[in-house]
Amino acid sequence: MQFRCLGRTGLKVSCIGLGTAVTFGNQISDEMAEKIVSTAYANGINYFDTAESYSEGKAQRSLGKILKTKGWRRSSYVVCTTILKGGSSPTESTLSRKRIIEGRSSPKTDI
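Each residue of the sequence shown is one higher than the one before, starting from 1 at the first, in UniProt numbering.
If you're looking for bench data, these hints aren't it; they were derived computationally from the structure.
Hints are not guaranteed to be accurate.
To be verified - With a straight-line cut-off of 30 Å between C-alpha atoms, the simulated DSSO-like cross-links for lysine-lysine are:
no., residue 1, residue 2
1, K12, K65
2, K12, K70
3, K35, K68
4, K12, K68
5, K12, K108
6, K68, K108
7, K70, K58
8, K12, K58
9, K70, K108
10, K58, K108
11, K35, K108
12, K65, K35
13, K58, K68
14, K65, K108
15, K35, K58
16, K35, K70
17, K35, K12
The structure presented is a predicted model; accordingly, all values stated were derived computationally and were not measured.
Generate coordinates for the entire structure from the input sequences, incorporating the hints supplied.
Rendered as structure tokens:
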């Protein structure tokens with residue numbers, strides 16, 4: 001896997017990342033999500049993208065649970081969250097740092 005420095009953050013991220021937008025917490029089981037994350041990590045992917053607005057927060061919680069149970073060094077992967085503004089649902093219209101970072105079972109966010 002190739003890695004790149006992410007701007008001036010000091011973070012090295014894989015050129016390929018894993019997004020959780022539609023499938024995690026909604027279209028696939030938690031077991032399948034865990035297999036996908038484990039396979040991605042085993043193949044060098046260390047960049048995971050999630051957001052509170054993905055599957056009404058289910059994707060973010062699913063990724064958080066998976067990362068907590070894997071036992072990987074926290075410095076070995078990077079979690080990015082996407083913030084959307086302007087939607088009609090509560091998860092699309094609230095820009096709450098507390099909800100993103102301290103959300104139940106949500107992963108610690110790097111970006």
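Tested hints:
Distance check on the hinted pair: K12 and K65 sit about 23 Å apart at the alpha-carbon level, within 30 Å; holds. In summary, the hint linking K12 to K70 is supported, as the alpha carbons are separated by about 20 Å, within the 30 Å threshold. The suggested pairing of K35 with K68 holds, with an alpha-carbon distance near 14 Å, which does not exceed 30 Å. Taken as a hint, the K12 and K68 pair is honoured in the structure, with Cα atoms around 21 Å apart against an allowance of 30 Å.
At roughly 17 Å between alpha-carbon atoms, K12 and K108 fall within 30 Å of each other, so this suggested pair holds. Between K68 and K108, the direct Cα distance comes to roughly 10 Å. Compliance with the 30 Å bound is thereby established for this hinted pair. About 18 Å separates the Cα atoms of K70 and K58, which keeps this hinted pair within 30 Å; it holds. Our distance criterion of 30 Å between C-alpha atoms is met by K12 and K58, whose separation comes to about 27 Å.
The suggested pairing of K70 with K108 holds, with an alpha-carbon distance near 14 Å, which does not exceed 30 Å. Pair hint K58 plus K108 holds up; C-alpha atoms about 15 Å apart against a cutoff of 30 Å. Restraint check: the Cα-Cα separation between K35 and K108 comes to about 20 Å, which is no more than 30 Å; the hinted pair holds. Of the pairs offered as hints, the one joining K65 and K35 holds, with about 13 Å between alpha carbons and a cut-off of 30 Å not exceeded.
Between K58 and K68 the alpha-carbon distance is near 15 Å, which keeps this suggested pair within the 30 Å criterion. Restraint check for K65 and K108: the C-alpha separation of about 11 Å stays at or below 30 Å, so the hint holds. For the suggested pair K35 and K58, the alpha carbons sit about 17 Å apart, so the restraint of at most 30 Å is met. Under the criterion of a C-alpha separation no larger than 30 Å, the hint pairing K35 with K70 is consistent with the structure, at around 11 Å.
Between K35 and K12 the CA atoms are separated by roughly 23 Å; this keeps the pair inside 30 Å, and the hint holds.
Consistency with the previously given hints is maintained throughout, with no hint failing.
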